[in-house]
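Protein chains in written order, with the working numbering: chain U, 1 to 159; chain C, 1 to 191.
No false leads were slipped in.
Far from chain U, by Cβ distances over 10 Å, these chain C residues were calculated:
1) Thr51
2) Arg127
3) Arg162
From the structure, some residues in chain C lie toward chain U, with a derived Cβ separation under 10 Å:
4) Gln65
5) Pro66
6) Ala76
7) Cys90
8) Ala98
9) Leu103
10) Arg143
11) Leu166
None of these hints come from the bench; they were simulated from the model. Where a beta carbon is used, it is the ideal one built from N, C-alpha and C, also for glycine.
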Amino acid sequence: MRYFEDMHVGERTELGSHTFTADEIKAFARRFDPQLFHVDEEAAARSHFGGLCASGWHTTAVYMRYFVDSERREADELRARGETPAKDGPSPGIRELRWAKPVYAGDTIAFAREILELREATGRPGWGLMVARNTGTNQHGELVLSFVGAKFAERRSKP
Amino acid sequence: MPGMQYLSPIDAGGRRSLRRTRGTRGSAVAKLYWEDFTAGQTVEYGSYEVTAEEIKAFAAEFDPQPMHLDEEAARASMMGGLCASGWHSCAIMMRIIADGFVLESSSMGATGCGEVKWLAPVRPGDRLRVRMHVIDKRASKSRPEMGFVNARLDMLNADDVRVMTLTPHFMLGRRSPSAGAAARDGEKAGA
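Sequences are here, hints too, so could you generate the full structure?
Structure, rendered in structure tokens:
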């Protein structure tokens, strides 16, 4: 990932698109969220969702994979230019998590991140805090996922 | 769990417990409905033991950062050692409450969470449990067969350290659909 100083408020990054298959929806749900509408097509068809759909925690986990892969690509580009990428920082949490619409089997979700705020990480010298709105949008242009996440970002200039 | 007291299956008021009955796993017949949730109820579910293998397997699939994948790299990170992805913690929390009550409820999913905070690292060998506190509930304005329950979920390790806290907005089916005009505050029903 980039250094805190190289990030800008308002910057938007397209993280990539993922098609959720029925098999992966059921595999995740059997491990962590085996509600019938996540593991059984027929029961899901009879449910209020009307079809097999992903656990909300599956959607956020897949978002994370696309986010991390995007950071990896960014780091590779920096290395290719002879620069050193910043260290990965953890996240203290997220807020305003919304599963706005179900993610159905076969849906293709485009993930994106927009930086909302860059601020000092109090008590963490050498680190800043990057706050971003993260979204997932389906192939019909409908928002299915939204949350505001924070992540520690390494500073180039150490105090 | 030192100092922890599990709630009796039926609370003092004789209401239905917010707990699954043993042996009914995967039952399609709901036992817990929106009506069974009351503001102020607190109940614990779990436990779930986390292994290094599971931490790495989840991370390899969904969150391949060194602090979740590799002991040595994790020691050099801010986390100071291998720890679970925050999203893995969320998934574990979901499994604990699924086995605790969701699979036996009229769950219709959730619209989201006000917040999710990762307060302390989840380490290999941790034994986790979830304490649910019902904050409030309300009927759905647009869907008489459904209601909302807002809760605070704390995930605790064996040392009673809160490793995660979150505030989900559950959707639950009603035992008796409202005859309308049940909604007091009107938010549109989510997905």
